[in-house]
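Just so you know, the sequences run in chain order A and B. For the first sequence, our numbering gives the first residue as 1, with consecutive numbering after it. For the second sequence, our numbering gives the first residue as 1, with consecutive numbering after it.
Bear in mind the hints are in silico, worked out from the structure with no lab data behind them. Since the structure is predicted, the reported quantities are computational estimates derived from the model, not experimental observations. There may be inaccurate statements among the hints.
Given that identical chains are not distinguished, each listed pair holds provided it fits within a single copy or across any two copies.
[To be verified] Cut-off 30 Å, straight-line C-alpha distance, at most; resulting in silico cross-link-like pairs (BS3-like, lysine-lysine):
(1) K15 x K137
(2) K15 x K493
(3) K99 x K58
(4) K40 x K15
(5) K494 x K99
(6) K494 x K329
(7) K125 x K195
(8) K40 x K495
(9) K213 x K500
(10) K144 x K15
(11) K476 x K396
There are 2 protein chains.
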Amino acid sequence: MSQSPSLAYTTLVQKCNELTFIHSANSALHWDQETYMPPKALDYRSRQLAFLSGWAHKEFTSVTTGNLISECEQAGFSPDSVEGVNTRQLRHSYNKQTKIPSSLVEEMSQASTLARSAWVDARAKRDFALFLPHLGKLITLSQKMADYLGTGSCRYDTLMDEYEEGESAARLRSVFAEFRKEVSAFLPEAFELSKSIPGNLLEGYYPIEAQQKFNRDVAAAIGFDFEAGRIDTTAHPFCTELGPRDCRLTTRYDERNFLSSLYGVLHEAGHGLYNLGLPEEQYGLPAGTYSSLGIHESQSRLWENHIGRTREFWSLWHEKAVHYFPELKRHSPDQIARFVNRSEPSFIRVEADELTYDLHIILRFEIEYRLIEGDLKAQDLPAFWNNEFEKSFGLKVPDDSQGCLQDIHWSMGGFGYFPTYTLGNMNAAQLMRKAHLDHPHLNEELARGRYTPLLDWLRTHIHSKGKRFSPQELMKSATGEATNPHYHITRLKKKLDLLK
Amino acid sequence: MSQSPSLAYTTLVQKCNELTFIHSANSALHWDQETYMPPKALDYRSRQLAFLSGWAHKEFTSVTTGNLISECEQAGFSPDSVEGVNTRQLRHSYNKQTKIPSSLVEEMSQASTLARSAWVDARAKRDFALFLPHLGKLITLSQKMADYLGTGSCRYDTLMDEYEEGESAARLRSVFAEFRKEVSAFLPEAFELSKSIPGNLLEGYYPIEAQQKFNRDVAAAIGFDFEAGRIDTTAHPFCTELGPRDCRLTTRYDERNFLSSLYGVLHEAGHGLYNLGLPEEQYGLPAGTYSSLGIHESQSRLWENHIGRTREFWSLWHEKAVHYFPELKRHSPDQIARFVNRSEPSFIRVEADELTYDLHIILRFEIEYRLIEGDLKAQDLPAFWNNEFEKSFGLKVPDDSQGCLQDIHWSMGGFGYFPTYTLGNMNAAQLMRKAHLDHPHLNEELARGRYTPLLDWLRTHIHSKGKRFSPQELMKSATGEATNPHYHITRLKKKLDLLK
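Just chain A, with the same shape it has in the complex (with noise of 0.2 Å):
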């Protein structure tokens, strides 16, 4: 019964189409879940996440799909077109899926969407215990889910695959190691500058309705479309796409405190700006599907910090701000730029500076390693991750909430997750670098308030690609070379004339 190869894609396209209107209802699903949906509902609602899961894996893993995949691989697509591209890496994932239950994804599922209330519950009662249960049932899922696949040469490199493809942790583990002593080599001077700039220095009132007009108005400068997309407020702040052209951002509030939420705004924006960079057309295909999770990371951070903790984004948005946050005039766009750098050991990860930021996702790294290679038990996690902790920060963790409970990705079974967070800041410094080198005139467009033409360079090298390539091939074709930390390393380097 075999057909035309182009009519072969054309099913196959079809078929993808429709499961990505069933992981779209999810990822509203997910969205409603995080952002309006009433505590009671929690019980259907996972159930109904585990079918819609089960199911969307059930009709892409079947023989039909197969079939459809071997014909595109047999129609002799050039490997660089679109055709060629999906196919290729339907068949990656195709062999992926098939090896894993779909029972299997259900119970996930499940499993992840309790564990997730759990842990909020968990969090805010700083009670370990709560979550624990639910902690050591992902962890067991995960494994088995790992020998299904079996795909690296331990279990946590199989579990990464699926956040960064063709990442190990040894590898990691040695270029984390020389961040680790590079940064430390200057760490203790940024400390010491920093103490000069108060903690408390900005904080004051800052009404809610004032932060999310500001944090508007910067979203929609950087060029996140309001017509493609949202902000909402949750309590873990996240960047979600129902469709190609929805785009929903969330973040949380501090009144006290209105950088809390303008970075998250910027952060969850540089995703969104992704999103909303794939190619439209391809949307549910791998052709229009981000990379991977560090090139995802990197984005985000790109507009967090290489454009938001600038001098020039501070001279130019300060009388906006100061607009909104009449207070604010007490302070010179300068200040507010040197309190945005300042750099000290803290507890939580998303409120640390970019100085030490890092050692939060090596420290997060190392942990779930053990947990999911049987080093570590799930019952040993709080004083396990102090003492390292203590070892890292030189802080005693006062308790759990801001310690190993601070964070939502274990309790949605994300375990490999985390070092693309540091996997994006260097990823970020690369590629900032090189649109420095092909816009020589690039910081007085940004230092003017035109973001367009370092948008366009990302559109252009890194969105539109789509899952063309793999994250390292991707890297190298957008700067010449795979992630090089070297650059993420000089420029937390030159922070410190920031402080000075």
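We have chain A; now place chain B onto it with these hints.
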């Protein structure tokens, strides 16, 4: 491959649960479309909803489902048992749904999502021409749907059967004629009495946030569970359920008039109490589904009008209303109660007083009957509407946004839906009378804000029954007789005393 009756039943239930996961996802996507979705997301959303509707339809109408129903029919379940009810009602739906091709379901879904958006635009711009092609298409598709089904004695009856099982246009026409005759006899007096109550009596400034708080207090007091539901803002208020414990109400706000959102919320919360009162363990099965729209509407109108528009309600809630809206202090509870019962001819159905409301419905019934039966062309709708409206209300329609473009229903392909509103009013009066007979002290309870006895009565006699009975059987079981317009007419006539 016959299985045991209980296994067949379990498998059928499982199948229905799965389909309900899809339907609930669709409801969530619809809810999102009305509340938060960014505009550019519409095109994808319409295709997504069409796919999901079509897919659920295909699965439900499959031979597998048919065989399961047949096996359950042969199992000899008692007709009154939950199993018997579910089997019988699923057979009824199956026989109907299998007559419709899934492609038509998809076409209808997509056409109505797009029409819904065109209608919003047309209404805002007061330009019927923008909506006309969509309306024409929906009429054609609805006629096609009716022809496939062919269950009623005319197309209109066939379509109405979806909303009100067993109802017919011929019977309604005679009920409505009688109703109109009786009400017309005392309507002029009501108009005359109302003239002494200024229409702008309560006009003022009512901040939206204060309205939200007051509405929430009232909804919680009548028993709406905010742990299992919420209120959001939309252009066209509605109530939808996304799960057995996930009921979403919506309303709209007018800062000059707090009554619009208050009665909107009381109305939708009435629907919500019904949804949340259905047997949870039967969610997604006929035994856990509402009986008909005429029954559903009886619940919303009961709380909105029989509770919310009484002197007792305003005596009880006056203090709290003044707390939120200090300027209300100028008016006594009785003055407010009189005001919310004043009657005058007006253009907008959803803002019409109780005495004229049903005349709006009868107008729509006569018009949609003609549209579906082919006696009125879509392009002739505005002229026909305006002419008939003037005959009924003595007013000239200034533009179509206050005429034939005011309601959402036709843009959703909901032909045959309108008459259920007046059936709902009639049912509400009849149920309320019976509740009073069963609870001689009900008035005193309600005056003290003890709404539980009434809610319990409704849960026992209506909510807990699901779709166990046809709507008319349900009315008989709850009140001893089928829908009888007499109680509604008597109530309306008694309103004259309130106006004196």
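Here is how each hint holds up against the structure:
no.: 1; hint: K15 x K137; verdict: between (33 Å within a copy, 28 Å between copies)
no.: 2; hint: K15 x K493; verdict: neither (50 Å within a copy, 61 Å between copies)
no.: 3; hint: K99 x K58; verdict: both (11 Å within a copy, 28 Å between copies)
no.: 4; hint: K40 x K15; verdict: between (35 Å within a copy, 24 Å between copies)
no.: 5; hint: K494 x K99; verdict: neither (47 Å within a copy, 72 Å between copies)
no.: 6; hint: K494 x K329; verdict: within (28 Å within a copy, 65 Å between copies)
no.: 7; hint: K125 x K195; verdict: neither (33 Å within a copy, 60 Å between copies)
no.: 8; hint: K40 x K495; verdict: neither (48 Å within a copy, 40 Å between copies)
no.: 9; hint: K213 x K500; verdict: neither (32 Å within a copy, 51 Å between copies)
no.: 10; hint: K144 x K15; verdict: both (28 Å within a copy, 28 Å between copies)
no.: 11; hint: K476 x K396; verdict: neither (41 Å within a copy, 71 Å between copies)
Taken one by one, the earlier hints fail for this structure at numbers 2, 5, 7, 8, 9 and 11, listed in ascending order.
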